[in-house]
Structures are given as C-alpha cells and as structure tokens.
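Number of protein chains: 4
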Amino acid sequence: MQIGMMGLGRMGANMVRRLMKDGHECVVYDINAGAVADLVKEGAVGGASLEEFVGKLSKPRSVWLMLPAAITGRIVDQVAALMEQGDIIIDGGNSNYRDAVDQAAKLAVRGISYVDVGTSGGIWGFDRGYCLMIGGPDDAVKHLDPVFATLAPGADTTSPALAEGTASLGYLHCGPSGAGHFVKMVHNGIEYGVMAAYAEGINILKSANAGKRPRSADAETSPLSEPQYYQFDIDLPAVTEVWRHGSVIGSWLLDLTAGALKDDPTLKNFGGRVSDSGEGRWTLKAAIDTGVPAPVLSSALFDRFASQGESEFADKLLSAMRFAFGGHKEKSK
Amino acid sequence: MQIGMMGLGRMGANMVRRLMKDGHECVVYDINAGAVADLVKEGAVGGASLEEFVGKLSKPRSVWLMLPAAITGRIVDQVAALMEQGDIIIDGGNSNYRDAVDQAAKLAVRGISYVDVGTSGGIWGFDRGYCLMIGGPDDAVKHLDPVFATLAPGADTTSPALAEGTASLGYLHCGPSGAGHFVKMVHNGIEYGVMAAYAEGINILKSANAGKRPRSADAETSPLSEPQYYQFDIDLPAVTEVWRHGSVIGSWLLDLTAGALKDDPTLKNFGGRVSDSGEGRWTLKAAIDTGVPAPVLSSALFDRFASQGESEFADKLLSAMRFAFGGHKEKSK
Amino acid sequence: MQIGMMGLGRMGANMVRRLMKDGHECVVYDINAGAVADLVKEGAVGGASLEEFVGKLSKPRSVWLMLPAAITGRIVDQVAALMEQGDIIIDGGNSNYRDAVDQAAKLAVRGISYVDVGTSGGIWGFDRGYCLMIGGPDDAVKHLDPVFATLAPGADTTSPALAEGTASLGYLHCGPSGAGHFVKMVHNGIEYGVMAAYAEGINILKSANAGKRPRSADAETSPLSEPQYYQFDIDLPAVTEVWRHGSVIGSWLLDLTAGALKDDPTLKNFGGRVSDSGEGRWTLKAAIDTGVPAPVLSSALFDRFASQGESEFADKLLSAMRFAFGGHKEKSK
Amino acid sequence: MQIGMMGLGRMGANMVRRLMKDGHECVVYDINAGAVADLVKEGAVGGASLEEFVGKLSKPRSVWLMLPAAITGRIVDQVAALMEQGDIIIDGGNSNYRDAVDQAAKLAVRGISYVDVGTSGGIWGFDRGYCLMIGGPDDAVKHLDPVFATLAPGADTTSPALAEGTASLGYLHCGPSGAGHFVKMVHNGIEYGVMAAYAEGINILKSANAGKRPRSADAETSPLSEPQYYQFDIDLPAVTEVWRHGSVIGSWLLDLTAGALKDDPTLKNFGGRVSDSGEGRWTLKAAIDTGVPAPVLSSALFDRFASQGESEFADKLLSAMRFAFGGHKEKSK
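Protein chains in written order, with my numbering: chain A, 393 to 725; chain B, 393 to 725; chain C, 393 to 725; chain D, 393 to 725.
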C-alpha cells in the first residue's frame, strides 16, 4: 500500500527501505532535501515541500512522522492542516503519550485519525524488524495493517509464539490513541532499568581487584577491611560473553554489551554522560500519578541525571554540611 | 570421565542426567536415598553413605557438590576429610565466594583443589545447558574440562560468538578459587535488577486504567489530577509477547514472564512474597566494600525484603510521626 | 486586621485561634456549621453560607482557604466569583503550586490577587507558630504582613537568626504566585526523606538481635553467616531519646519520634499504611522535569506506595519469574 | 576522675578540654608530640611514648582512644599489651562495631574490659557536649560514669526529657560491647539519609528557574514541556532560614545548612566530592544481613560513591549500549 513518511533520520529512512523492499509505495519528505534525494534514488517518491508531499498521497492519506519529540506537536498541526476527513496521521516517534491523547481528540472532530506507534528496534530494525506498539481507532489501525506487518519482525522460528494474534509477529494494537506510546514509554522505562542493572553489575566486577590497589588510611577514607576477598582481575568481555550462553540474564542488551566490550574493553570512546530522551521521565511520572512504586526505574533515571552533572550542587551541600559539623575537608576529585 | 555428584535436588539430578547422556560416568550421593535410587535406575553408580560414595571414585577423585549454601561449608569439611592429595572438590551451589577463597586456601595445604562453579540455567539447564562461571587452580579446571563442556550449552548456531575461547560455549574459567562464585554472585545481583525492572514496568502498565477507578477526596489521599490520561486497559500477556519480537528489551526473562502471564494473567497462584537466596545480598556488600554505586541492584534487593514484611516497623514509625506532627490517622490497609 | 478563613479543620481552626489571640478580626466559614459555631463562641464572626461569609468582609477582602487539595480549585472559583478588583485569595492548603500559577494568571485579569502560602507546623502550630512560605504579588503579600507575622513563630531566642528579613521570624515571601507552594512542596519532599531515614535506621536497630532468632536453612532463605554480630536488644525509646541530646541528627521529627516510641514502644496502634498527600509526588515530578537526581526522596515516596499495597503485583511477577526459571516455590507470607 | 586519652586530633583534644574544665585529670598521648605539648600547657599530663603514657595511669587504668578506624585495631593491641586485669580500654572512634565484639571477647580472657563509645557532636562537642552511645560490661561502664556525665551535654532546659535514666542527659549504655558502636553506626547511617534529603530538595529548589534557561531540541535531550511552571529564582539562604522556624523539618543539620548557605550561597568553596568514613557502609551491611529494607540510606550512600567518580564506568557502559542499539552519540559533558 501507499504510505507517506516524514522525518528521514536514522529511524525513518530505514523504515522506508524496509517498506519498499516489501513492495509498498513510499512518498517521503524531510527538511533536509539530501535525505529525500537519497531515498528517491532507491525508489521512493519525494516531496520538495510539505504541501507537495501531502499532495502526492492518494486518499485516504496516511502520513507517518518520525521526528524528535520536541517538534512533533508543531508538525502534526501543520500536516493536519493539509488533511481531510478519513486521513490518518501516524506518530512513530518518542512522543509523550499524552500528546497522542490530546491530538487524537482534537483531530477526531475533523474526522482525521491519529495513530501513535511506539517503535523499538533502533538502528537494527531494518534487518531485524521493528517491534510496534500501536494506539488508535480500530478502523485506522486495521487499514494500516499491511504496513505494520512489513515493519514488524514477523514470525520467529527460534522463539515460539506465546499468544494469539499479531503480538507474536511483533506488532500489537494496544488500545485507543495514546495506548501505543504509553506502552512504548513503559518499554523504555524498563529498558533504563535493565541497562542500569547490567552496568552496575559489570562495574562491580571491574572493582573485584580493589584489594590490590593502595588505599589511604585517613579519617576521610573508609577502610577496606578484608582486601583478600578483592583480588580478582575479571575479563569483562569474556564474562559478558559467557553470560550470553545459557544464563538466566541472557538478552539482546547483553549481546550488545558483550559486543561493545569486545571491541573496546575499557570503553575509552565514551565519557559517561548518558542522555535520556523523555520516556524514562514520563514512565516515572505515570508511576507517581498512579501510586505505583518504581524504585528501580527511578534509580536508573536518576543515575543518568547524575551522569549529566546534575547532582553537583547537592554534593557540594553534603560537603558543606560535613565541614560545618565535623570540620571535614573535601578530598580532591 | 568419572565425576561424583552429591546433592541430587532440582539442579544436581538434572546435571547428572545431562552428564550421563553425554557418556560420563556419574557416582551419586544424597541424604535422601530415594533420590540416589532414581538416578541409579537411570545408570548412575550410587553410594549409600558419604564414605561409600567417596570410596567408589577413582583417583584423582572429583566430587561436585550441589547443596544449599547454608550447609555447604560443613559438607565440604566432611568430604575433604575423606580425600587425598590431587583430589578435587567442586562447589556448584550458590555459596558465598568468600567461602571458596577460604576453603581453597585451607585445602591447598593438603594438596586438594577447590573449584567453585557458579551455575546458571535453573530447571531448564538439562535441555538448554548450564552457563558455568568457574574459579580455581588451572590444572584442576583443565582436568574437569570435559565435564564443563558437557554441562554447558555448547556452540550456539543462532547467536554468534563474540569472544575467543570457551566463553562462547557457555563456560569460562574466571580466575583463582572464588572468582567463579564472585562472577555468579554478580550475575544474580544483575538478575534481581533486571527482574525488578520488568516487574515495576508491568505494574505501571497494569495501573494504566487508574483514571477509571473511584478515588477518595480526603486530605489523606493524593488527588489524581488528570484522570483522562489513565484510561487504558492494557493486555499484559499480549504486551509482554510483542516485546519479545524485535524490541530492545527482549530477553530470556521476558520470555518466561510472557509465558507466566499467558498461563495466569492475574498471577493468582502467587502471593508476592519474594525470596532471596544470598547472592543479591553479597553483591551489594561487594559494591559497598569497593565503593561502587549500585542503586538499582539495591532497590531490587530491598523490594524483596519489603515483600517479606520487613518494612512494617519502619512504616509504623512513619505513621506514628505523621500522627504526632499532623494528627493524621492511618487509613486502613 | 480583618481576615476571612474558610476551611475550619485541624489546621484552619487553630490558625483562627492564633490570629484572634493576637487581636485580628476573623470571619469564618465551613460547610460544617458546627465548626463555625465553635469559633463564633470564641469570638469569630461566622458566615452561614459562602455568600454571607464573603459579604461580611470589608474591602479589600482577604479570604484564606485551608482546604483539601482535591477541592481547593473548585472553591477558589466559587469564592472568586464573589470578589472584586483589589481583593485577595490566599490558599494555605497543600495544593499543587501549578494551580497557583494558573489561578493567579486567571484572576490577575480581574484584578484579584492570588497568594499561595505553604504552611508547616501541623497541629503544633497554634503554640509554636506556623512556618509560612509565601508566593504572590508584592503588594498583596505586603498587605497581609500583619497576618503572617502573627501566624509565624516570631523571633526565636534559642536559635539565632542567620539571615536578614522576615525569614528568621518564620515567614518568607519566596517569589511570585506559585513560589510559596513550590517551596512548601519541596519542604514536604524533604520531610518524606528525613522521616524515612529515621524509620529505616530505627528498623535496623530493631533487628540488631537477628542472630538470636531461629532461621531456616532451606535454599529459599539466605543464611545469616555471622549471627554473633547480631545479639543486641536495643532499647528504641532510650536510643531515640539520647540522640536528641547533642547528636548530629537532632531534630523536631526526632523529638516526635522519641515521644511516640516512649508512649508505645511497639507502635501497636499503627498498621503501617502510610498515606501521602501529594507534595512528595509533585516534588519528584519537578525533579524529573528539571533533570535533578532525587534518589533519596523518591525512595521515601515509593516506600509509602509500597506500604499502601501497590507493589503486590510486581512482587507476584518476581515470584512467577523465579518459579519459571528455577522452580522456586514461594514461602508463605 | 583520672582518664587517659590517646589520639589528640579534632575530636580527642576537645574532649580532653571538656573533661579538664570539669575537674577530671587527663593523661594524654599522640604520635604528634606537638598535640601533646599543647594540652600539657592547658593542664594535662603528657606521655612521650605509649609506655610512658600507660605508666602514668593509676590502676585500674582507663585509656580512651580517639583514632581513625583504619588504625584503631592495631593500637588497641599495643595498648592492651601494656595493661592488666581490671583495666579498661575505651574506643571512642568510628570503628566497626564488629571489632568491638571481637576485641571485647579477646580481652575478657585477660580481665580487661572493652568499652565502645559512639561519639556524636563533631567540632561543636566542646561547647554543646557529646552525645555518647556506649557498649560494654556493666561494671566498666558504671566506673566511667563521671567521665560520660562530663562529656555529654547534660540536662537540657529547652528540650524536656522523654525517658528515664541518662539518655536525657545525652549518654546511654546501649548494651554489651559492640552495642555502642552499633547504635552510632546506625546514627551515622541515618545522618547520611537526612543530609541527602536536604541536599536533594535544595538542589530541586535551585532548578526552579529551569524554564528560563535555553534548552536544545535534539533527540538526545528530553524536552521541558511546561516551562511556565519553572520560573522561580529561589533565595536558598532565606528559604533554609525560614524552615528553621516552626517547620516540620527543623533540625541541627538544617541550622548548619542555612549557616553554610548564608556564608557562601553558591558553595564555591566545595567541589562536590563527598567522603564517607565507614559507618554508612556498615549500616547498609547490617541491613542486608538482617534483611531490613533501607532504600533511602543506601541511595544516600551510593550518591556519595558516585560523587567520588565511581559510577563512571557504569555510565560509559550505558552510553556504549545506547550507541550499540540506537546509534546515539554522547553529548559532551
């Protein structure tokens, strides 16, 4: 079927390629004309402006947006202004699900359907397929089924289906508008927690030789009472590799971690400033609103904030208090 | 090769079966004579007492223990008393790695090797193979290589090797005595964190319909200001299934979670008291000793403690303080 | 000066008493006519309806609301409908500061000032005075200064002033509308953290005799390896009392805790379900919005959620996973 | 009475002064001869060597040690070698309570009493008195009562006693050897939590103007959706001051915090590397051993570890995973 794709970055361009490979007709647009040209060479129909892009779509039009969350709302308004009753806007980016709830209500008045699609799979999606979590009206979601079926991984011969329906093919209609991004939001919240669990554990392994290191014996340094138990030099690439084979914690994130450590065991190409793109934050806010404890997910999120330097003033306060009550002077960093 | 196995519970018995299937000769012992008899029927050589069990082994003897951590130390002493220079004791249970460090030093004096093997794979290990994290002297570990090779999953055709050596076959010599249990300990610490990340996220999904529920408007209840954003009835079995196909958080634990939710979507067969068997605790103590932050792993551990009822007195204190400063009366549970 | 007070619960009634004792004229209203009658007997002017209440106030009118957060917004609208340019509405309850920002903008159009006053001191405020954190337009806040001065504790002879201005008297104009409730929100967020720090520590003291208790030795129970270090029966009322005298952790909350433990060392009158009234939640959301790590404050909040039973499904999931990979059966609660 | 004091640093020297002021005879020793000379000028009896120091004490001798935890054990052995039946060694430092349990058992054989005294009050103790948490045999503790009575704050006219006995005077016999340091350990664990609660909250206040700051709109930056709610420039010295007067979170640590912020509102003299001296670590290990949840105390401890740079490798791992699955490049720090 025909689909319009706007936003031809890392994710969007590869989704177009996967769709075209399976025979779909893709009309594409991006403010970066070069990105459009690249895909036109590969068989897509390109638009030189938003108007031309929308104009090249047959009715009912389906426009899929893959944009940064910070600008999606504005672009939805621009696209919607060019659309008519029966048309469909799909937001496949990492937008807040609340925007989908609000946009859907607003557009429903004009007979335009709003479909929010949480899309997981990253840069590997072109090969592996994308896991799609979909929210929106039944008829619009049904209309787009061929697109979803192509983008999703499809039947998995190595991992048997555990449920009926499309879930085992890698896409799922989760509920009304907003439900897709809600499920994707929680997916990413979980992702933060899982990632942090590996990172903390591996960091402990790295310190398994702490007993070999010299340690000051001043009052500002906690003594390591039993250094004989911290004499191990652990081979992190080998350990993460062995865990991939038969252990309880095998996962795709572990596969990637083992691969990263194999390529660069000291991770010298990274500085340790960890970005977060919103879903972890929104997951926590949902937990707070609904009164659900999420200590692991919040710890993971707050570690990222700290990695961005945001605990500095709090830490200065702690040092100031320690100096005030005990005359403790800070050791240099 | 010949191997002695003591402790024929869930894990031990299946390891014997996997070893015999691959042609190894297994001499077995358990205080439960029935467990011995069952394996004798399947081809094992049985011992009626610890002495007889050890007596049936050819030198150099190898005795593998699969016992609860609480009794392993005592049994090691009993077994060691019957052994001689050149013999090997293997602890495959969930013992504290510190015991391995201490035992190895003690037994080395008598020329007995102590090999600690962290064993992951649970009740699925018979089919999938066990992931083995091994600590101990080089010669003893090398001597036992055929046993490790059989117990481990072996070459994996669906997941390419990322490292040289045996790691990609599912077993790894991690270092001197203690290193195996240290790595397994951290493995389980990570496991707690990963499990909790899924559990918290799925719990949030379950509350996605909080806006539909009635809510008191008294001063002891925090208002839900925007109920319109919590109107989703999420199908948990379907969502956990779709995440298995192409998403970033795919894992074996997710496979098991999706399976459990498919069989029993409300988990009515569980009460929510979560045991912990020690490794999570020891992981945290190692983090504390070495000064490594582990907020996610500790949150996961403390949630288990709380599920065992151990936050009750602290919570009563909070209610007592609230009553003391604000006259707040507790709502009933 | 004259002030109208609406909402004569625990806090509101005592504030009226403190104001009247210092010579202010109080006009009072509550939907509970008995609460009005009680204060009329003590010298207040009562209103039988909202209209009569507002009608009895001289211009410019000042109406102070002490209401549950869940209904404050609605009542502000009703009161505002009866007011005119130059009048002032004060919200002294535990409302979300965002409501103050929004209400202030809305009412400013009609020339009505909105002042938000975070009020701390609980049921002790009548005697000790209330700590007031104030947001709103300069002129309105200045106009109300006599009321703030009376409600606040005033000069403290035992604790020297550290800053210029009214802060040392116990009230502070923190900024424009919303700033008062923002500061009070964070105050309560901190309160949750401080309370939890005491509660967790005292809970650990209570378990200092764990080595004396019998302990199962099954695979589902983590062994206590060194029971000789947990043989202390700590006298909790005495310890919390001694900490009040010269220690670094002396505080008013500790005073209250020591008092509560003296009266009821086992806290048998409490069940351990800890309510939260919103500010802790909003504090966390502000931390999340602004990217500030708040692991301690969030842990304190999530413990309250857990005390309300909200971790149950997550814990069932953990037990279900443990059963799935290891055949672990739950111990009974 | 006569008392020997060894270790004349910040704490020890001032304790000697407080004791002499109240008429006690102090014999003092330190490896730093200048520290001895200073106190001799003020009336103390000095020892030039450990032997001379012990030799100048009348029997039964009482030697109080105020030393860094890392060296206390070694010094106790040296002192004990010079002592006889009936003598008393007091450890007033921040030692692990386990050492007290072990030392007491060892010395009891020789009839020497071991008294562990947790000492809180910091550099302010000379004026305010020290809060003393005492463990040890009844007779030795009774013998030392005059010393404890002098060091402790004594009767407090502004804060009424809540319990019988010496607790209201600021010292308490908490139980057998080890109990004093156990209670002090938990005291410090709580202290970490309380400090962190203030620090996190004040850090949030500092970010209350986040809506005024420019923010990137790229896919690596989470958008701040409602900047209108983050427009407050909070005066931190004034807010911490107002909280000291009548609020629920008033405390001595808040007094110190307000003082520190008054002197240096941006805390430019601190870098944010927060030391920890052991008790917070041991508190957590006790919580872990006894199965008591301590999410707040552990979050506070782990923040300190992170402030020491120990989360760096974990954060690099997170960035490496993000790059591996999503091609996300780190923003510079």
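For the record, the hints were derived by calculation from the structure and aren't laboratory data. Heads up, some of the hints might be wrong.
Repeated chains share a single entry, so a pair holds when one copy, or any two copies, can fit it.
To be verified - Here are the simulated DSSO-like pairs of lysine-lysine, each with C-alpha atoms no more than 27 angstroms apart in a straight line:
{"no.": "1", "residue 1": "K451", "residue 2": "K498"}
{"no.": "2", "residue 1": "K598", "residue 2": "K654"}
{"no.": "3", "residue 1": "K598", "residue 2": "K660"}
{"no.": "4", "residue 1": "K598", "residue 2": "K534"}
{"no.": "5", "residue 1": "K654", "residue 2": "K534"}
{"no.": "6", "residue 1": "K433", "residue 2": "K677"}
{"no.": "7", "residue 1": "K654", "residue 2": "K721"}
{"no.": "8", "residue 1": "K598", "residue 2": "K723"}
{"no.": "9", "residue 1": "K498", "residue 2": "K534"}
{"no.": "10", "residue 1": "K677", "residue 2": "K448"}
{"no.": "11", "residue 1": "K604", "residue 2": "K677"}
{"no.": "12", "residue 1": "K534", "residue 2": "K660"}
{"no.": "13", "residue 1": "K660", "residue 2": "K604"}
{"no.": "14", "residue 1": "K660", "residue 2": "K723"}
{"no.": "15", "residue 1": "K654", "residue 2": "K604"}
{"no.": "16", "residue 1": "K413", "residue 2": "K451"}
{"no.": "17", "residue 1": "K448", "residue 2": "K604"}
Outcome of the hint check:
no.	hint	result
1	K451 / K498	within (21 angstroms within a copy, 43 angstroms between copies)
2	K598 / K654	within (15 angstroms within a copy, 39 angstroms between copies)
3	K598 / K660	within (15 angstroms within a copy, 33 angstroms between copies)
4	K598 / K534	between (50 angstroms within a copy, 25 angstroms between copies)
5	K654 / K534	between (44 angstroms within a copy, 24 angstroms between copies)
6	K433 / K677	neither (44 angstroms within a copy, 47 angstroms between copies)
7	K654 / K721	between (41 angstroms within a copy, 19 angstroms between copies)
8	K598 / K723	both (23 angstroms within a copy, 25 angstroms between copies)
9	K498 / K534	within (21 angstroms within a copy, 44 angstroms between copies)
10	K677 / K448	neither (40 angstroms within a copy, 43 angstroms between copies)
11	K604 / K677	between (43 angstroms within a copy, 18 angstroms between copies)
12	K534 / K660	neither (48 angstroms within a copy, 34 angstroms between copies)
13	K660 / K604	within (23 angstroms within a copy, 35 angstroms between copies)
14	K660 / K723	both (26 angstroms within a copy, 15 angstroms between copies)
15	K654 / K604	within (25 angstroms within a copy, 44 angstroms between copies)
16	K413 / K451	within (23 angstroms within a copy, 64 angstroms between copies)
17	K448 / K604	neither (68 angstroms within a copy, 41 angstroms between copies)
In terms of the numbered hints stated before, the structure departs from hints 6, 10, 12 and 17, listed from lowest to highest.
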